[in-house]
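**Student:** Chains A and B, in that order, give the protein sequences.
Residue 13 is where the first sequence starts when you use this note's numbering, and the numbers rise one by one after that.
Residue 261 is where the second sequence starts when you use this note's numbering, and the numbers rise one by one after that.
Treat the hints loosely; a few may be bogus.
Where chain B lies over chain A, by a calculated footprint (3+ residues, C-beta under 8 angstroms) [to be verified]:
| id | region |
| --- | --- |
| 1 | 39–52 |
| 2 | 263–270 |
Partner residues are not named here, just some residues of chain B that face chain A (Cβ under 8 angstroms, in silico) [as the list claims (entries may be wrong)]:
| id | residue |
| --- | --- |
| 3 | Cys338 |
| 4 | Ser369 |
| 5 | Thr370 |
Calculated pairs, DSSO-like style, for lysine-lysine (alpha carbon to alpha carbon, straight line, at most 27 angstroms) [stated by the list, open to error]:
| id | chain 1 | residue 1 | chain 2 | residue 2 |
| --- | --- | --- | --- | --- |
| 6 | B | Lys414 | A | Lys27 |
| 7 | B | Lys411 | A | Lys179 |
| 8 | A | Lys113 | B | Lys316 |
| 9 | B | Lys414 | A | Lys83 |
No wet-lab data here; the hints were simulated from the structure.
C-beta atoms are modelled at their ideal positions from N, C-alpha and C, and glycine is treated no differently.
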Amino acid sequence: MQKYGMYLGCNIPFKAPDIEQSFRKVFPALGVELEDLQGASCCPAWGTAPSFDMDTWCAISSRNIVLAEEKELDLMTGCNSCFGVLSEAKHFIEDNPERKKRVNEKLQAIERRFEGSAGVYHVSHVLHEKVGTDRIRQGLTYSLEGLKAAIQPGCHVLWPSDVYQVKEKNPFFPTILKELTQALGAEVPHYSRLEYCCGMGGMRTTDVEKSLGLFTDKILSIKEEIDPDFIVTTCSSCFLQFDMSQPILKERGVIDFTIPVFYYTQVLALALGFDPSHVAAISQTPRDAVIAEIQSEKRKIQK
Amino acid sequence: MSEYIKLESDKISEGVKTIMDLGGHGLLRCVQCGACSAVCPGVKAGFPVLCRMLIKKILDGQLEEIIEDSSSWGCQACNRCTEVCPQGVRPQEVVFAFRRYQANDLAFSTSAITSQMNLHAYGHAVFTDARELRAKVGLPPEAPTSAYNEKAQKEIQTLLDNSPMGELGIF
Ligand code: SF4
Ligand code: SF4
Numbered sequence: 013m014q015k016y017g018m019y020l021g022c023n024i025p026f027k028a029p030d031i032e033q034s035f036r037k038v039f040p041a042l043g044v045e046l047e048d049l050q051g052a053s054c055c056p057a058w059g060t061a062p063s064f065d066m067d068t069w070c071a072i073s074s075r076n077i078v079l080a081e082e083k084e085l086d087l088m089t090g091c092n093s094c095f096g097v098l099s100e101a102k103h104f105i106e107d108n109p110e111r112k113k114r115v116n117e118k119l120q121a122i123e124r125r126f127e128g129s130a131g132v133y134h135v136s137h138v139l140h141e142k143v144g145t146d147r148i149r150q151g152l153t154y155s156l157e158g159l160k161a162a163i164q165p166g167c168h169v170l171w172p173s174d175v176y177q178v179k180e181k182n183p184f185f186p187t188i189l190k191e192l193t194q195a196l197g198a199e200v201p202h203y204s205r206l207e208y209c210c211g212m213g214g215m216r217t218t219d220v221e222k223s224l225g226l227f228t229d230k231i232l233s234i235k236e237e238i239d240p241d242f243i244v245t246t247c248s249s250c251f252l253q254f255d256m257s258q259p260i261l262k263e264r265g266v267i268d269f270t271i272p273v274f275y276y277t278q279v280l281a282l283a284l285g286f287d288p289s290h291v292a293a294i295s296q297t298p299r300d301a302v303i304a305e306i307q308s309e310k311r312k313i314q315k
Numbered sequence: 261m262s263e264y265i266k267l268e269s270d271k272i273s274e275g276v277k278t279i280m281d282l283g284g285h286g287l288l289r290c291v292q293c294g295a296c297s298a299v300c301p302g303v304k305a306g307f308p309v310l311c312r313m314l315i316k317k318i319l320d321g322q323l324e325e326i327i328e329d330s331s332s333w334g335c336q337a338c339n340r341c342t343e344v345c346p347q348g349v350r351p352q353e354v355v356f357a358f359r360r361y362q363a364n365d366l367a368f369s370t371s372a373i374t375s376q377m378n379l380h381a382y383g384h385a386v387f388t389d390a391r392e393l394r395a396k397v398g399l400p401p402e403a404p405t406s407a408y409n410e411k412a413q414k415e416i417q418t419l420l421d422n423s424p425m426g427e428l429g430i431f
């Protein structure tokens, strides 16, 4: 059985623990063991240490990577921002022997040492590269055939492609999440703003109206061009933006619809037959109807 | 033109050096083509001093003039700019170097303070007491992270206290 050090970040364990629960159900069911990285911290988020001091950023990030290293495991994160921050920190350390020395001096004070042996992967990479779409297809209890999904891969698994362990052939036309979603049976049409930013992150804390403006373009593009049954993302930040912002825009009369949103492993968990009250229980944008549709009797795959 | 910019070479070299030292190494390679700005969500959303424009202002020696501008804090760190830059400038690194220049002068919004304090106290920039929510979805109420691990919190505090961030007095 393959095994990964599960790096949770902040959003998932504290704001969307049903996503965490979906990891804990889905991966063992597909032959991947997860081991908790006890005591892991924030990646640290872009607005904290990376905005103040590179060595401090690299020290905090490398401590998280070291937790995987100490168990001789690769690290897997469910949050795109964490994936970006940890991957870039690793790149900045390995790119510069002087920095590596300084970071290890900092780590010495907490009795740790960074070697760089643990790889940094994202949930979507492990599912696509290590598990594979065939294995996903074989494990399904329900088929999503006839349902239409809009995908939102999120920025930080795409760019800068030169520092990532797994990358898209063309990051401006990403296909990993598309193939993962098609493996569930769903139809995944292209829409023009596929790789556009959703406006979460630093932009939302700095200027919420600018952030919502960007999000409005994106959600209208999705609705008008493909009118999907649901949206699926592999970024916890994008998930929160899509989930929190649609009710706000609806309330303001900017949109007259809402589209259910899932983190990919949540739809996967539903298709594998897991209990929605564990794996897809928390959302502001209603999604009960599509959950019931996914797990309806008529979608059961005869084995 | 409503306003002339007086270029002073000492001021320019000093500004460029400051940003390069803070991590914006590729700055001088910029040819002002604007490819970065064309793909930048921050520019699209209306932040005026990002990507090409930020680099231009630094190259014009206007570092002090823009220290209060909030554009850099609207940067998503998405790195679209890095991917498309034909010159290998890595504009996102310049934006973050500029942020560090601002942050070390405490030129950022007070809303950013909460996440620094959370990071110091719990090891998490985003933290809420989610014990009930976690139990509801069948998880152990306390996540296996630094949030409920005193030793881990001490380690994070040691790293932060012994850093330039510690010297700013925000913890
Ligand atoms: S793409 Fe590169 S060279 Fe062109 S303006 Fe931006 S930073 Fe300068
Ligand atoms: S990293 Fe920042 S500056 Fe570069 S494209 Fe993204 S938002 Fe714009």
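**Student:** For which of the previously enumerated hints does the structure constitute a violation, in increasing order of number?
**Tutor:** Of the numbered hints given earlier, those the structure breaks are 2, 5, 7, 8, listed in rising order.
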